[in-house]
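I would like the entire structure built from these sequences, with the hints used as guidance.
Heads up: the protein sequence lines correspond to chains A and B, in order.
To convert a position in the first sequence, counted from 1, into the working numbering, add 1079.
To convert a position in the second sequence, counted from 1, into the working numbering, add 72.
Hints in this document: simulated from the structure, not taken from any laboratory.
Please note that a few of the clues may not be correct.
Unchecked claim - Chain A regions said to be covered by chain B (calculated; three or more residues, Cβ under 8 angstroms): (1) 1147 to 1158; (2) 1162 to 1176; (3) 1202 to 1214.
What the hints assert, rightly or not - Here are the simulated DMTMM-like pairs of lysine to aspartate or glutamate, each with C-alpha atoms no more than 20 angstroms apart in a straight line: (4) K1230/A <-> E384/B; (5) K352/B <-> E311/B; (6) K1120/A <-> E1159/A; (7) K1113/A <-> D1147/A; (8) K1138/A <-> E1116/A; (9) K1120/A <-> E384/B; (10) K1230/A <-> E311/B; (11) K1177/A <-> D1147/A; (12) K1138/A <-> E1159/A.
For clarity, every value in this text was computed on a predicted model and none was experimentally measured.
Where is the CB? At the ideal position from N, CA and C, for every residue including glycine.
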Amino acid sequence: MKKGTRWPVLLVISLILMVGLALVPVATASAGVKVTEVNVKASLFAWDPPVIKVHQGDKVVLNLTSVDIVHGIYVDGYEENFLITPGKTTRVEFVADKTGKFKFRCSFTCGNMHPFMIGEMVVEDNNNYMGAIGLSVVAAVGALGYVWTRKEESL
Amino acid sequence: MSATDIRTPNEQAVEPAFKPASPYFRYDLLQIPLLNAIVRHRAFQFSLLLVNLFFFALVIMTGLFGTPVGNHNLSIIFVWIVWWALLIIVLIPFAGRLWCTMCPIPAPGEWIQRRLSFIRRSNGTPFTKGKEWPSALRNIWIQNFAFLGVAMFSAIILTLPVATGVLLSLFIALAIVLSLVYKRRVFCRYVCPVGGFIGLYSMVAPIEVRVKNPETCQRHCGKQCIRGSEKGYGCPWMEYPGTLERNAYCGMCTECIKTCPVNNVALNIRPFGQDLLVPKRHLDEGYKGLIMLAAAVVYSAVMLGPWGWIKEAANMTTPSHYLMYAGSLITTALLLVPGLFLGFTWAAKLLSGVKDVSLKRLFTGYSYALVPMGLMGWIAFSFTFVFINGSYAISVISDPFGWGWDLFGTKHFLWTPVFSRWVPFVQIPSLLLGLVTSIILADKISREYFTDRWAAQKSLIPIALFLLGTTFAFLRLYMG
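In structure tokens, the structure reads:
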């Protein structure tokens, strides 16, 4: 193969790879809407469970309790913000209409590590992640294609 | 001005200047008359230092005497969110070591050193020792270990105002002591834990202080740039501008611009990353690249991850857990990641089929390819702080000590994360840019070692895989 023709070929292969990777989760996506109810305990400076997995379209119900002091919860992307008081259960409901990984973090100053009191809600299918992985593969292959096929040059 | 004894130009100018085969675009910003006048003025650096020294003193005061609640204390918010974001996202990538121009930490020591060098004891000896820094320590290994030393306590330093106050006070005290014992800015050049990575990553920046014509420097005997003159001090960073090829150890103090009697020093803008192509490769700098990359991944996991038990360990709640955390951090940064990279470099050597390039040389060389990836990894990490916690700055500016003041009427501004949905979408392009530029850089480095093009291409594959794996790790932490 001529040097000049390698670059477009690599690009096409990369694009196919990227699209393929991005589509994998779609093909395995589960259908139907359901209610996902999770009991979440907040404590200094952790969430239990630390990771919540739901599906797009699910109605998410979080039953939040604190085992020590007052905490709060803010869900990135969903902008939900509630207080969690010891001895009480805070019920939060919302529809997981956006896919991806969303951090939920304490929104009420609870101690020195408060800014890092973070949990994760993964709304599947997490196509954003797979897309990013695909893009990075494309980027790497593309960069290799570029440096391998460009004219001989000095530094 | 000071004219203290330093190494002769010949001692520093042993290596001929690297001449890139394709000279890159340069534009001397000092051609702009106003900027030229500002930079050459003696008050230029002093003014910046004075302003920053005021803020620095305020940061230390608020750290030591303000509220212990980090997000209501100026020291935490302005150092670890505002300053840090400004440094890593703006200053380093676009202006190199510009922070070092205005960093207040070495200023008191330097001022004392310069004044005391004129004052003599009754027996005629100066108050400052003016010693040479030991030649065995003329590298950045101390900075590597100092960074890790600070990193071990990062969860505490980043969240407890008093810890930040004490740390910064220690830095300033150490800088003063070193200024009294040794010549010039030994603290900045060889000790500062921040200066080490600023120097490494500043090689990416599209700005440089360089001589216009190296031959002019060779012919000119005065060497005021290193000896000093009535117009300025000799290079505080112990560099000889005539052979300066990289930003790594140029603190952009502008003294050489002031002292050069033949107007041969320029402040250029240029394409990004040119210094990384200079074939001067040192293991201490390469290791710094690995340490920083490892630290970016570890910090992302510890601070932004969902694992409470790691945060508990990092927070020194239980001594045994903390020791395990600190040990793991050190092991990861000094052994695990470098060991992994060594394995990939070994594979690169194997694939190339070339035997006359040593593994150590290849490891050192390829480790420079991690600089763009590491920098962009840190930028991606830092975006989270800016978008999520940047709003704290609005309230603490009115109440820096957390004592209930309301200086500008913004004390009650609530914590307001912005663009929280979009943080990953800013992180992705950052990481991809790091990945692509690192691979392109690795290719250029490979050609330093392999004359055979095919061997160079084959050796690139494991390095690209390592970089891709690093990108996957970041993506997994941020999005997976």
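Next on the checklist: For each hint given before, does the structure comply? Return the numbers of the non-compliant ones in rising order.
Outcome noted: 2, 4, 7, 10 and 11
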